[in-house]
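Chains as they are written, first to last, in my numbering: chain A, 1 to 353; chain B, 1 to 371.
To be clear, the hints were calculated from the coordinates, so they are not data collected in a lab.
Don't take each hint at face value.
[Stated by the list, open to error] Chain B side only, calculated, beta carbon under 7 Å to chain A, not exhaustive:
| # | residue |
| --- | --- |
| 1 | Gln25 |
| 2 | Ser28 |
| 3 | Pro64 |
| 4 | Asn281 |
We put the beta carbon where it would ideally sit given N, CA and C, even for glycine.
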Amino acid sequence: MSGTVASPNLGSSSSTTAAPLLEVRDLKVHFPFKRGTFLKPERGFVRAVDGVSFTLREGETLGLVGESGCGKSTTARACLNLVKPTSGEVLFQGRPIHGLGDREMLPLRSEMQMIFQDPFASLNPRMTVGKIVGEPLSIFFGGSSRRDRELEVMRLLELVGLNPRFLNRYPHEFSGGQRQRIGIARALAVRPKLIFCDEPVSALDVSIQAQVVNLLEDLQQKLGLAYVFIAHDLAVVRHICDRVGVMYLGRIVELGTAEDIYGDPRHPYTQALLSAVPEADPAAERRRKRIVLKGEVPSPDKQYPGCPFADRCPIVQDVCKQSPPPLVQIENAAARHAAACFFARDNKTVRLL
Amino acid sequence: MTTAVIDETEAARRERLWEESRRVQGVSLGQDAWRRFRRDRVSMLSLVFLLGMGILAIATPLLPLQSPRLVKVDQKFQPMKFRPLFAPTAAWLDDAGKINEAKLDECFGELNVVNDSLIKLRAAIFGRWEVTSWLGTDHLGRDQLARLFWGARVSLLVGVVAGLVSLVIGVSYGATSGYIGGWVDSAMMRVIDVMYSVPFIFIVIFLITVLSEESIKKWLLEHGIDRIVIFYVVVGAIYWLTMARVVRGQVLSLKQQQFIEAARTVGCSRARIIFVHLVPNLLSIIIVYLTLTIPRVMLFESFLSFLGLGVEPPDVSWGLLANEGAKNITPIGIVWWLIVGPGLALGLTCAALNRLGDGLRDALDPRLKNR
Ligand SMILES: Nc1ncnc2c1ncn2[C@@H]1O[C@H](COP(=O)(O)OP(=O)(O)OP(=O)(O)O)[C@@H](O)[C@H]1O
Ligand code: SF4
Ligand SMILES: [Mg+2]
Chain A
1 MSGTVASPNL
11 GSSSSTTAAP
21 LLEVRDLKVH
31 FPFKRGTFLK
41 PERGFVRAVD
51 GVSFTLREGE
61 TLGLVGESGC
71 GKSTTARACL
81 NLVKPTSGEV
91 LFQGRPIHGL
101 GDREMLPLRS
111 EMQMIFQDPF
121 ASLNPRMTVG
131 KIVGEPLSIF
141 FGGSSRRDRE
151 LEVMRLLELV
161 GLNPRFLNRY
171 PHEFSGGQRQ
181 RIGIARALAV
191 RPKLIFCDEP
201 VSALDVSIQA
211 QVVNLLEDLQ
221 QKLGLAYVFI
231 AHDLAVVRHI
241 CDRVGVMYLG
251 RIVELGTAED
261 IYGDPRHPYT
271 QALLSAVPEA
281 DPAAERRRKR
291 IVLKGEVPSP
301 DKQYPGCPFA
311 DRCPIVQDVC
321 KQSPPPLVQI
331 ENAAARHAAA
341 CFFARDNKTV
351 RLL
Chain B
1 MTTAVIDETE
11 AARRERLWEE
21 SRRVQGVSLG
31 QDAWRRFRRD
41 RVSMLSLVFL
51 LGMGILAIAT
61 PLLPLQSPRL
71 VKVDQKFQPM
81 KFRPLFAPTA
91 AWLDDAGKIN
101 EAKLDECFGE
111 LNVVNDSLIK
121 LRAAIFGRWE
131 VTSWLGTDHL
141 GRDQLARLFW
151 GARVSLLVGV
161 VAGLVSLVIG
171 VSYGATSGYI
181 GGWVDSAMMR
191 VIDVMYSVPF
201 IFIVIFLITV
211 LSEESIKKWL
221 LEHGIDRIVI
231 FYVVVGAIYW
241 LTMARVVRGQ
251 VLSLKQQQFI
261 EAARTVGCSR
271 ARIIFVHLVP
281 NLLSIIIVYL
291 TLTIPRVMLF
301 ESFLSFLGLG
311 VEPPDVSWGL
321 LANEGAKNIT
331 PIGIVWWLIV
341 GPGLALGLTC
351 AALNRLGDGL
361 RDALDPRLKN
371 R
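Could you put the whole structure together from the sequences, leaning on the hints where they help?
Right under this line is the structure:
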């Protein structure tokens, strides 16, 4: 092995501030399951998140990318204490949040918010927009009058580009893109520092996706937000992210600046993902070759002795099946670029086929 | 015009928008359901029937009906007769229109403030006029029509109150159990399983028999506890079991929804999630289930009254009336008008409630309709 093992605060080495905004150390979330017949029960764990570490500075955007089921949402939910981590640590501004009860978690809820994956299921169908967006206000700024709250909600609706007159309408009277804006307004209501955007655009029409991403970028500039931006393909996060983590089967397999990931991907999985992204330049697009992954989509309830990607990897070697490759710095690459592959250092060629 | 808009301060602009927002009221799911419901003729008819029944029951003291208790042995087993329609025969009013308190007590029993003023209002409006025995009389010469109306008050009240008792207990229990989940849920559900296996009918019968024993009854009455109050509580406490199960099942699927997770993310407490986010989304199923519980409770009351364990004479309920009617089925002849009245009233009410439940379910959840 030729890399150095990545330090836990990989990525913030150049930062001089005391503690990063969010620090995740070796986070694991395993869901127990029981199945099989009554006589021959099978017990095990779905390793939804299996050792994720990253850090995030104030105002920064980290992309988390990976195919469906690789544990992106679960990572976000564990960071917000919506699901109990099996092990590992989550620190917000240096304060540990894992294991906090609902009451102790409350002050942190005004710092960290989430925009949900499904704009249809994430809004209570029985509440008006005013109530939905006003709810966090009444929880955190309890004393305010209903009218003041409604005025503040209207300000938020305007901020996310919705007509503030629609305060008393219900979610089902809005389109998907508008609903996602309502979700954004709700997340902004408590003036958080960090927002987890869980595939905020994948349920939306392509034409509306760009609008919502632009809105998120605008808000970031105006309000100095930090984002963890979750997506299932690399195309969406390209413009909005400072750094990108590529997830596979509950692990981050490659982490680096957006330039590194898009310009110099080292993990074969990243390269496969990138090969699926269409190029803007027609000449490049003609040259583009897709790397089609063979083998079945892996299941998170199995434990792999070696590299979890081995079954599908185009450059798999014997060594890969023996021990799992750690996430390591790539020596001669730019700082803060790491990949979990034994051949990351030499593996420049696949993309350039 | 343009300058006015530009000159408008930010605060004033917000005020204006706020005023305008009041005019853009959305259509809630409930309003939407009501629109669908109104198109359903039979269900609307059931609703109108039930509302009419309820209003009549409440207004009974105001109506020019005979006394439901006054015994007139000389007029026993009169058949249905509509002529004359009215007669100035109210025994509790003298010729000058003054109320004879002793007689009033004999005719209507002890009256609470509301009923008392309704009766006085009736005396002022109708004087001594009251309807004749349109639906005939029973074995003591009591007017069957009046007894049906006064019986409706008891039967409907039992249904509604016991239904609501079961609703409050069932919804709170079921929603809490389903939302908390884990071992708490398992424990709470096992309690229900155990309660299901208890033969409640026997327990109720036993309980009421014990409470009907003279000395206990006297003691209870001294403390202001009527048998009917015990009845509400006992029946409500039995019928919540199924409601709790139904609600729990719904909560289990509902709590997986993202808006519940979103509510947790913005810091909602458990109680707030249960009662602000979960329960309103269960409203449709709760209402539907309530319309099915009420007839069951009413039938149970009739059953107990039929056994002589429910409402006590001289109070009346439909079940008690049916019981008396059945007693008069003899080899010599059937006094059919004493059975048809309460039977029809009970049957129609239960049918209307069931139909209403169906209609509400269709209206509240249009996806289910075409299955
Ligand atoms: N509550 C749960 N109980 C059991 N398994 C779960 C639970 N939540 C998630 N999982 C499993 O964990 C894995 C990761 O799920 P997760 O929702 O994090 O994926 P994801 O990356 O967000 O996928 P998608 O892009 O489809 O949203 C999946 O295999 C899923 O089946
Ligand atoms: S470690 Fe081996 S199997 Fe895993 S990605 Fe690298 S080359 Fe492929
Ligand atoms: Mg997800």
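Results for each hint:
1. Gln25: holds (5 Å)
2. Ser28: holds (6 Å)
3. Pro64: violated (46 Å)
4. Asn281: holds (6 Å)
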